[in-house]
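Enquirer: Each chain is listed here by its residues.
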Amino acid sequence: MITIRNINKKFGKLSVLNDINLSFKKGQCIALIGPNGCGKTTLIKSILGMVIPNSGLIEFNGKSILGEYLYRENIGYMPQIGRYPDNMTIGQIIEMIKKIRNSNQELDEDLLKAFELEKMFDKQMRTLSGGTTQKVSAVLAFLFNPDVLILDEPTAGLDPLASEILKEKIIREKENGKLILITSHLLSELDDLITEIIFMQEGKVHFHKSIEVIKAETNETKISKAIASILKQKQSKNQNS
Amino acid sequence: MNRIIKIILLDILKNKIVLTYTLILAALSWSSFALEDNSAKGLLTILNVILFTVPLVSVLFSTIYLYNSSEFIELLLSQPVKRRKIWASLFLGLSSSMVFAFMVGAGIPLLINAPNSLGLMMIIIGCLITVIFVALAFLSSILTRDKAKGIGIAIMIWLFFALLFDGIVLFLLFQLSDYPIENFMVGLTALSPIDLARIQILMHLDVSAMMGYTGAIFKDFFGTSSGLVISFLLLCLWAIIPFFISLKKFNQKDL
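Protein chains in written order, with full-length UniProt numbering: chain A, 1 to 241; chain B, 1 to 255.
Calculated from the structure, these hints are not laboratory results.
Here the structure is a predicted model, which means the values were calculated and not measured.
No incorrect hints appear here.
Among the chain B residues that face chain A by a calculated CB cut under 10 angstroms, a handful are:
1. Lys6
2. Leu76
3. Leu255
Computed beta-carbon distance windows for the label pairs:
4. B/Leu10 x A/Lys123: 18 to 28 angstroms
5. A/Leu66 x B/Leu191: 29 to 39 angstroms
6. B/Phe160 x A/Asp110: 51 to 61 angstroms
7. B/Leu10 x A/Thr127: 19 to 29 angstroms
A virtual CB, placed ideally from N, CA and C, is assigned to each residue, including glycine.
Same shape as in the complex, but just chain A (with noise of 0.2 angstroms):
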């Protein structure tokens, strides 16, 4: 559904990106991890077509995304960090992107009433605290059942029981049968979702495998202890050679 080749960013000297090849498929759940400012985020916006990549090619089922828009409909992206226009209410945001969506699909509400947003639709964007913001955002990645769905650190700064919520709907979605592409630190809340990692490191990507074949292959049954057996053996890799 998503292919992307030999993709190279540069932030002045700074390489964010080196040679990127990776491909999604329908259906598949990705968790997206790494240490802190190894391109995860940078890779999600360039999909996006937020950042545009110095080479390389980005493919949306089958067409460069390079000048293209439309296919931004069938995508829900959800920020690290949501940003909005201060002085509009949670409703007045809701309905602009509804207005500029212009779709007549029919609208995924479920976040919005387990979230109970409504209430709160006559508060503006300003006085939210950071886990309302994040809700927001959530409430308008899921709204118009886009077939992919980009979430950028999803459950950072929920509290339980938001962040049970979104990953029920994250488990249902994914049933749905559409991709999923998640980035996040917090690995153990990760088990029950994903079907492959990706693993980057300084803008390269070290390892795309499935859970399947990383759990035989360190024989553990959790995802956090067997990424954290791969660290160590290349680790001591590292320091043996």
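Starting from the structure of chain A, add chain B where the hints point.
Expert: Leaving out everything else, chain B in the frame of chain A:
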């Protein structure tokens, strides 16, 4: 396109600054006609107001507005909207609301007190100057991510065109007064939209007779209809070129 422009226009209309700007323009225009006994003198006073305040307010308000809508731009970019469309809508929204404010504030008193070709020309030039400085604001806000720097650039642009450029022209005029530089001076005015506008209006007021030999050369050029068309085209270029440079940069920008 219309949906986004509508959202932007509604947002600007809610802003009290534009309303204040309209009221101040209206107060200045009405009072300058009331103070002078003939309309030509009133026009001259308004001309100075237009060439001083209109560029300042247009460039500053637009720059600040653009920086403040960075969240809005970011939000729209993750939606299925063309980049070009976002930028063009912002430009159309901002320039039309500033032009509207100018029309209400200065246009109405001009039409009532000087209902002739000169008054009409003043209105057209005021609108053009507004659009030009909105376009320059787009350029200055795309040049840097830093809000303080961007606003600084906007103020420098205004200072340069409103004050410094005249100084440079005067300096050259005195330094090179021994040489035949009149044609060169006509060319030089094309480099500043404010001077272009000022000379065009002055040529149609009778005060140009006081400008000596250079004034005569100016009259030769700007007084003719082809000179008029050329200077209008130049003013249009002043609006189009900065906006297109900023559009190109915006298309390449990482957010």
